[in-house]
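Take a look at the letters that make up each chain.
Number of protein chains: 2
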Amino acid sequence: MKLSTKSRYGVRAMFDMAFHAGTLPAQIKDISRRQNISPRYLEQIFQDLKKAGLLKSRRGPQGGYSLTKPAEEISIKEIVLAAEGELLLVNCIKGRRKDGEAPPACEFDNQCLTQHIWQEGSRILGDYFASISLKDLCEQGQEMGLEKELDHRFMYFI
Amino acid sequence: MKLSTKSRYGVRAMFDMAFHAGTLPAQIKDISRRQNISPRYLEQIFQDLKKAGLLKSRRGPQGGYSLTKPAEEISIKEIVLAAEGELLLVNCIKGRRKDGEAPPACEFDNQCLTQHIWQEGSRILGDYFASISLKDLCEQGQEMGLEKELDHRFMYFI
DNA sequence: TTTATTCTTGACAGTATCAGTAGAGATTCC
DNA sequence: GGAATCTCTACTGATACTGTCAAGAATAAA
Chain X
34 MKLSTKSRYG VRAMFDMAFH AGTLPAQIKD ISRRQNISPR YLEQIFQDLK
84 KAGLLKSRRG PQGGYSLTKP AEEISIKEIV LAAEGELLLV NCIKGRRKDG
134 EAPPACEFDN QCLTQHIWQE GSRILGDYFA SISLKDLCEQ GQEMGLEKEL
184 DHRFMYFI
Chain V
34 MKLSTKSRYG VRAMFDMAFH AGTLPAQIKD ISRRQNISPR YLEQIFQDLK
84 KAGLLKSRRG PQGGYSLTKP AEEISIKEIV LAAEGELLLV NCIKGRRKDG
134 EAPPACEFDN QCLTQHIWQE GSRILGDYFA SISLKDLCEQ GQEMGLEKEL
184 DHRFMYFI
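First to last, the sequence lines map onto chains X and V.
Following our numbering, the numbering of the first sequence begins with 34 at its first residue and continues without gaps.
Following our numbering, the numbering of the second sequence begins with 34 at its first residue and continues without gaps.
It should be emphasised that the hints constitute simulated quantities derived from the structure, not laboratory data.
There could be a bad hint or two in this list.
[What the hints assert, rightly or not] Footprint (simulated), chain V over chain X, 3 or more residues, beta carbon under 8 Å:
#, segment
1, 38 to 52
2, 160 to 169
[Unchecked claim] Taking beta-carbon pairs under 7 Å as the criterion, some of the chain V residues facing chain X (in silico):
#, residue
3, Ile157
4, Leu158
5, Tyr161
Backbone N, C-alpha and C fix where the C-beta goes; we use that ideal spot for every residue, glycine too.
Construct all of the structure, not just a fragment, from the sequences and the given hints.
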């Protein structure tokens, strides 16, 4: 019942971007250094986040990844969802959106008393994650006195 | 972020016992048949539940496993906890009960903004599971018209 | 006392997933 | 052209999950 590191790293990385770069592009090598995450692994995670529409990218010098939305519009739920693939405590709930999208993953399916519990638990957890935005984290970070690392590109203009 | 089958099977099996046998002993072969769970695997799960004090056992003919408490005193949380080992969304929270019980599993530990999120999420989920008892499930089962299978031992006395 | 029943314990194995590494390539800026 | 940066795909070692199996111990009933 553990979250994968993709979720945890994903949230940390997204926070890092929001905190240090806002919506400006940030490079993997900087994020991975600050957050102590393997850069090659972070690449993969960012691909997932990009597919989910949370990040956009730009190649070449001065390129990097940037948030597609302001920090207050990005919730932890979105990140976890993108990294984890889904936010379900069990598999026997899948494919219940439209009818027959997937065969019922459990022979009891709708007659199962416990199914409802896992479904509701998943929902409650999702709601909690949805209630927290990257901006909330950034504010906490500032309260904690976390230092913002200035973007090297702008160092020269100070 | 999935619950293991141990948790799901554990809850189903415990419900089955409460529903069909109350606090009387029930045998693995009956439970596994009704719930369609591998009997050999169920044995293992029941050992965990027994260690957690939720079940007691008795060998020999007419033996079996029985609940140690009435159904209304057994929560889903207890079962999941016993089967899963713990109810934490991440590992970086472990061993924080007493001081220094375990080395901090993360290099950021207390300075980590996201740690708090996972901790709170775990708590919320645990609280939800704690709010549901086996009795609640039994009542739902009766409302759904689930048939109680009579214990063979008492068939003769009817 | 014998026998059938039931739980107990520990070992074993196939599969899947996780977490990370790696290489070759595409794009962009200077 | 050359350097920086992302992109895509494949691979791998470790671990955990989901069982299966065998031998044995306790108990009740005949």
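Tested hints:
Given as covered by chain V, the segment 38 to 52 of chain X passes the check, having 5 residues with a CB less than 8 Å from a CB of that chain where 3 are the minimum. Residues of the segment 160 to 169 of chain X lying with their CB closer than 8 Å to a CB of chain V number 3, which satisfies the three-residue condition for coverage. Annotation: interface hint on V:Ile157 holds; nearest CB of chain X at approximately 5 Å, less than 7 Å. This hint holds: V:Leu158 has a C-beta 6 Å from the nearest C-beta of chain X, less than the 7 Å allowed.
Because the smallest distance between the Cβ of V:Tyr161 and any Cβ of chain X comes to about 5 Å, under 7 Å, the interface hint for this residue holds.
In terms of the numbered hints stated before, the structure departs from none.
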